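If you read the protein sequences in the order shown, they are chains A and B. All residue numbers for the first sequence refer to numbering that gives the first Met the number 0, where the first residue is 0 and numbers rise by one. All residue numbers for the second sequence refer to numbering that gives the first Met the number 0, where the first residue is 0 and numbers rise by one.
Check the hints yourself; a few may be wrong.
Stated by the list, open to error - Which bits of chain B does chain A cover? Going by a derived footprint, with three or more residues having C-beta under 8 Å, they are:
| id | stretch |
| --- | --- |
| 1 | 37-46 |
| 2 | 105-115 |
| 3 | 128-134 |
What the hints assert, rightly or not - With a Cα cut of at most 25 Å, we get these calculated SDA-like pairs of lysine to any residue:
| id | chain 1 | residue 1 | chain 2 | residue 2 |
| --- | --- | --- | --- | --- |
| 4 | A | Lys141 | B | Leu249 |
| 5 | A | Lys141 | B | Thr229 |
| 6 | A | Lys91 | B | Arg137 |
| 7 | A | Lys141 | B | Trp34 |
| 8 | A | Lys141 | B | Glu149 |
| 9 | A | Lys141 | B | Leu95 |
| 10 | A | Lys141 | A | Trp85 |
| 11 | A | Lys91 | A | Arg64 |
| 12 | A | Lys91 | A | Met0 |
| 13 | A | Lys141 | B | Arg141 |
| 14 | A | Lys141 | B | Pro174 |
| 15 | A | Lys141 | B | Glu42 |
| 16 | A | Lys141 | B | Ala134 |
| 17 | A | Lys141 | B | Gln29 |
| 18 | A | Lys141 | B | Arg137 |
| 19 | A | Lys141 | B | Ala250 |
| 20 | A | Lys91 | A | Asp34 |
| 21 | A | Lys141 | A | Gly98 |
| 22 | A | Lys141 | B | Glu245 |
| 23 | A | Lys141 | B | Glu178 |
| 24 | A | Lys141 | B | Asp126 |
| 25 | A | Lys141 | B | Glu12 |
| 26 | A | Lys141 | B | Ser182 |
| 27 | A | Lys141 | B | Glu33 |
Bear in mind the hints are in silico, worked out from the structure with no lab data behind them. It should be emphasised that the depicted structure is a prediction, and the values quoted were computed from it without experimental measurement. Using N, Cα and C, we set each Cβ at its ideal position, and we do this for glycine too.
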Amino acid sequence: MTHDAAWAALAAVPDPEIPAISIVDLGIVRAVECDGGQVTITVTPTYAGCPATELIREDITRALRDAGAASVTVRTVLSPPWTTDWLSEDTKARLAAAGIAPPQARADDAARPLVFRPRIRCPRCGSAHTEQLSAFGATACKALYRCADCREPFEYFKPI
Amino acid sequence: MNETTDHSALCAEHLRYVLRIADGSLILAQRLSEWCGHGPVLEEDIALTNIALDLLGQARLLLSHAGRLEDRGRDEDALAYLRDEGDFLNPTLVELPNGDFAQTILRTFLYASWQQVLWEPLLESRDPTLAAIAAKSRKETRYHCEHLAEWVIRLGDGTAESHARTQAALHYLHPYVAELFASDADDAAAAAAGIGPEPATLRTAWDAAVLPVLAEATLEVPPVTPFRSTGRLGRHSEYLGFLLAEMQSLARAHPGATW
Chain A
0 MTHDAAWAAL AAVPDPEIPA ISIVDLGIVR AVECDGGQVT ITVTPTYAGC
50 PATELIREDI TRALRDAGAA SVTVRTVLSP PWTTDWLSED TKARLAAAGI
100 APPQARADDA ARPLVFRPRI RCPRCGSAHT EQLSAFGATA CKALYRCADC
150 REPFEYFKPI
Chain B
0 MNETTDHSAL CAEHLRYVLR IADGSLILAQ RLSEWCGHGP VLEEDIALTN
50 IALDLLGQAR LLLSHAGRLE DRGRDEDALA YLRDEGDFLN PTLVELPNGD
100 FAQTILRTFL YASWQQVLWE PLLESRDPTL AAIAAKSRKE TRYHCEHLAE
150 WVIRLGDGTA ESHARTQAAL HYLHPYVAEL FASDADDAAA AAAGIGPEPA
200 TLRTAWDAAV LPVLAEATLE VPPVTPFRST GRLGRHSEYL GFLLAEMQSL
250 ARAHPGATW
């Protein structure tokens, strides 16, 4: 299996909790090594306790087997730690199209005060007239907001 | 002492240093998960259990690392489910009962703030796995602190009822805070080896993070007492045994169970 073929197979694996983007878009695939039919994939978890991690390992193995890999090893690294700063502009646009507001701040902003409520733009109508409903959401990586103009609730991908 | 003895002695201290942090995350995760389905509103039910999940993730990474350091074939599950009470090294603060919502929020804020000031110096640890876990956890803990600080302020500077409950919680929890900054020989050895900071050195940064929030919450910080809890030495309050009995029951009744 070629390097490019392995990356292409991985780019077709959706994130189990946010199927609008792939695990490659999410930035959790850190390295791909191909040695004949033996493929080794290095991934990093989004959140330390993310329950989708096991499922993602299985999905990676299945996708590469289907693409012709003879054997697949998935290894996990913690460093450097995953950050939403790795999401590309294209990925953010696809999150917004799926109704999930992309991160609207840099994750590594150490100067931000402890209690901080940024104005998050509604992914549906673009209004900044929004309010946080819940700091935590249906998955570890998201919070829940509501737009005061179009009145729709939406998820916000937390910068981390 | 020959070189081998030196090495194994440091391994024991290194292991206990990691277990103290790991067990703090694990036991607080278990306490917070007791709120699942019982939160005062749905959003806070989700918040407390999401924080529990993050803490459990930290605990899994740290216990797996401890198992490798120990090198006796125990994995994260063996360390979480098959150790007895006296082998747990979490500070007593995290094993105390949840109490009401105010006490739960305040305890979690006090401990998360301690984690926050611990992760920073751990980034420089000579144990690269511990440094990587700190770098990962730091970002999650920061979000917890933001959320918890908002609640401490809202409850403390809220109604007469919420203020009284939060102030009572601070009176109850405050004596157990001292243990978070009590260093012993294990901590000193770990610090000398560059594994991580002595807890006593974290006090200034913790005060700087916590005291302004308590002040904004109009809470009165109780005077320091000579009492020192001893959970980090493996001598626990009467509450940990009951917690472990519940947490470990399935793994002990059905060894090796999977689903």
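Q) Broken hints, numbered, in rising order? A) Hints 2, 4, 5, 9, 11, 12, 14, 19, 20, 22, 23, 24, 25 and 26 contradicted; others consistent.
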